[in-house]
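J.: Chain by chain, the residues run as shown.
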Amino acid sequence: MIPHNTRNGTERLRVPPDLFESHFAEIHRYIARRLSADVADDLAADVFVVALNGGYDASAGAVRPWLYGIATNLVARHRRTEIRRWKAISRTAERDGGPVEDEILDRVDAARLTGPLAGALAGLKQRDRDVVLLIALAGLTHAEVAQALGIPFGTVGSRLSRARKQLRRALGDVNPFKEDSDG
Amino acid sequence: MDELDLLARALPDAPPPSPEVVARARARLAAAPRPRRRPWMMWAPLATAAVVALVFSLVTSLAPIPEAAKPPKPNQELFDLADRIEKLPARSGLYWREVVIDGSYLPLSGYTVLATSRLETWQPRDAADPVLMWRWKPSARPATAADERAWRAAGAPGQFKGFCDRSEPCEPMPINDEQHGCVYWQGVDPKGSYGNRSVATFTMAELAALPADEARLKERLRAYHKAQEGRGFDSFEEFLPTAATLLSAPIGPAQRAAIIRILAALPTTKVVGTVTDPLGRKGLSVDLGTPGGSLVYSQRKELPVSYRWFLDPASGATLARVSYAAHADKDLGVAKGEVASFSANAPEYGWTQEQPVRPKGCKVSKVRN
Numbered sequence: 003m004i005p006h007n008t009r010n011g012t013e014r015l016r017v018p019p020d021l022f023e024s025h026f027a028e029i030h031r032y033i034a035r036r037l038s039a040d041v042a043d044d045l046a047a048d049v050f051v052v053a054l055n056g057g058y059d060a061s062a063g064a065v066r067p068w069l070y071g072i073a074t075n076l077v078a079r080h081r082r083t084e085i086r087r088w089k090a091i092s093r094t095a096e097r098d099g100g101p102v103e104d105e106i107l108d109r110v111d112a113a114r115l116t117g118p119l120a121g122a123l124a125g126l127k128q129r130d131r132d133v134v135l136l137i138a139l140a141g142l143t144h145a146e147v148a149q150a151l152g153i154p155f156g157t158v159g160s161r162l163s164r165a166r167k168q169l170r171r172a173l174g175d176v177n178p179f180k181e182d183s184d185g
Numbered sequence: 064m065d066e067l068d069l070l071a072r073a074l075p076d077a078p079p080p081s082p083e084v085v086a087r088a089r090a091r092l093a094a095a096p097r098p099r100r101r102p103w104m105m106w107a108p109l110a111t112a113a114v115v116a117l118v119f120s121l122v123t124s125l126a127p128i129p130e131a132a133k134p135p136k137p138n139q140e141l142f143d144l145a146d147r148i149e150k151l152p153a154r155s156g157l158y159w160r161e162v163v164i165d166g167s168y169l170p171l172s173g174y175t176v177l178a179t180s181r182l183e184t185w186q187p188r189d190a191a192d193p194v195l196m197w198r199w200k201p202s203a204r205p206a207t208a209a210d211e212r213a214w215r216a217a218g219a220p221g222q223f224k225g226f227c228d229r230s231e232p233c234e235p236m237p238i239n240d241e242q243h244g245c246v247y248w249q250g251v252d253p254k255g256s257y258g259n260r261s262v263a264t265f266t267m268a269e270l271a272a273l274p275a276d277e278a279r280l281k282e283r284l285r286a287y288h289k290a291q292e293g294r295g296f297d298s299f300e301e302f303l304p305t306a307a308t309l310l311s312a313p314i315g316p317a318q319r320a321a322i323i324r325i326l327a328a329l330p331t332t333k334v335v336g337t338v339t340d341p342l343g344r345k346g347l348s349v350d351l352g353t354p355g356g357s358l359v360y361s362q363r364k365e366l367p368v369s370y371r372w373f374l375d376p377a378s379g380a381t382l383a384r385v386s387y388a389a390h391a392d393k394d395l396g397v398a399k400g401e402v403a404s405f406s407a408n409a410p411e412y413g414w415t416q417e418q419p420v421r422p423k424g425c426k427v428s429k430v431r432n
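From first to last, the protein sequence lines are chains A and B. Mapped onto our numbering, the consecutive letters of the first sequence carry residue numbers 3 to 185. Mapped onto our numbering, the consecutive letters of the second sequence carry residue numbers 64 to 432.
Where hints are given, some of them may not hold.
Claimed, not checked - With a cut-off of at most 35 angstroms between alpha-carbon atoms, the simulated DSBU-like pairs for lysine-lysine come out as follows:
no. : chain 1 : residue 1 : chain 2 : residue 2
1   : B       : Lys136    : B       : Lys399
2   : B       : Lys224    : B       : Lys393
3   : B       : Lys136    : B       : Lys333
4   : B       : Lys150    : A       : Lys167
5   : A       : Lys89     : B       : Lys150
6   : B       : Lys150    : A       : Lys127
7   : B       : Lys423    : A       : Lys167
8   : B       : Lys345    : A       : Lys89
9   : A       : Lys89     : A       : Lys167
10  : B       : Lys423    : A       : Lys89
11  : B       : Lys289    : B       : Lys150
Calculated from the structure, these hints are not laboratory results. No experiment lies behind these values; they were computed from the predicted model shown.
Just need the whole structure built from these sequences, with the hints factored in.
T.: Here it is, written out as structure tokens:
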């Protein structure tokens, strides 16, 4: 994982020997949350096959964003499946969300916002959705997202800002955030 | 406040890959063809035997290991869990929110009810911010479909009053699904002490700074044990299982992995298997072999129990601690090994960027907890 200098000073490429053991579960989870567990079973393995065939480019930075970048590219091939999933979750969550007795719980229970958020995700542009979900689901930093997607740091910020506005709009009157929060 | 934090918590989570899926993926990698050409320019001059050897060695290391070569350790599932979680991203937030559902199975005449209460704590990362706690009064519902039929046959009473001694105040408990009545406490704790003090008194910063290295963490626990000697723990070995309480504390995945490895290596620890927790989630059931306790029903009625910890296979955090009847009790209608009570951490448990909202309709409590 860490590039190291050989005796002649040439930076060599080193695939971490524990690549699969260390990262398979989290990559599987990321894909399963965006597509489905069934799809993730095969697609997560594809990520590592691609990773091995492509080799790790030390100049690209850390190995984790690199794997998430591969995973995101593979998820993009299932764009319709993903949009269908978010729409389905949006409908199901709305149907299941019955009246809640306690107003406080209403305001703090994130599960109640699942429907509007999933609906908003379905409406985002693919490239904006990738940025949002790499941060929210994979826990990547802006710099790591830039590395994962091979885009400039500033582009991450602009895509994120656009996506957050749409998410906020979708939350509408159930939005528990302060109006003056950043973004 | 952040929409992204909300997304992470509100979108449906996914179960971890099954061992079969992991094995299949591993086999696919082992069978994957060697790369023919490096896709990147900088790889071109490096497409040498050395690189092929590196990839080959990786593929080889991914192939299933023959059982004879590496017999599984006791409690291998826990070591695997630790390996799986230790590199998960560490999370943080403005508040550490704990939502705990306590449940007890109470046998009444002809049917059993499950009485639950909810305790919610918002512990700030910054001690200058207020701590907020609120607790709902317990309510009960028939424990199973059969219990519900028996309860209906008995006229579906709306409340019950049981297991009360004359010496104690004993309010009737409603039988319905609604939460009713709560009290809250809000105040600033300048020391910023974390509520659970089973291992030691920690500030939030001290918890965050706990070693993620197994050996160093064990030494730190030894120091805590020394400080607690004479308070019921005879030996360090008897004290160590207490570290399980930290699995639901605000610590990172690497620290949690270190705790799990320490627990897995204890001679008393035994993995029971995969189970469904009281809130319907899959968990790894672990018996730490610690001395059991007692559920006190009244001054005259106690039930000895043993405990098991249910751990989240995705994060290693505690989902629930469940108590089982240590022996049958005719009065209580409990069979040996039956679940008697639980304390479950609700899905909302964890870091949040939200600020706690002062609960409406709850009575103010003058004392914490």
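J.: Hint by hint, say whether it matches the structure.
T.: Right, here's what the structure says about each hint:
1. B/Lys136 with B/Lys399: holds (30 angstroms)
2. B/Lys224 with B/Lys393: It holds: about 20 angstroms lies between the C-alpha atoms, which stays within 35 angstroms.
3. B/Lys136 with B/Lys333: With a Cα-Cα distance of about 12 angstroms, the restraint between lysine 136 of chain B and lysine 333 of chain B holds, given a limit of 35 angstroms.
4. B/Lys150 with A/Lys167: It holds: about 31 angstroms lies between the C-alpha atoms, which stays within 35 angstroms.
5. A/Lys89 with B/Lys150: holds (32 angstroms)
6. B/Lys150 with A/Lys127: holds (30 angstroms)
7. B/Lys423 with A/Lys167: holds (30 angstroms)
8. B/Lys345 with A/Lys89: holds (26 angstroms)
9. A/Lys89 with A/Lys167: holds (19 angstroms)
10. B/Lys423 with A/Lys89: Distance of about 34 angstroms is within 35 angstroms: holds.
11. B/Lys289 with B/Lys150: Holds - the C-alpha atoms of lysine 150 of chain B and lysine 289 of chain B are around 31 angstroms apart, at most 35 angstroms.
Every hint from the earlier list agrees with this structure, and none is contradicted.
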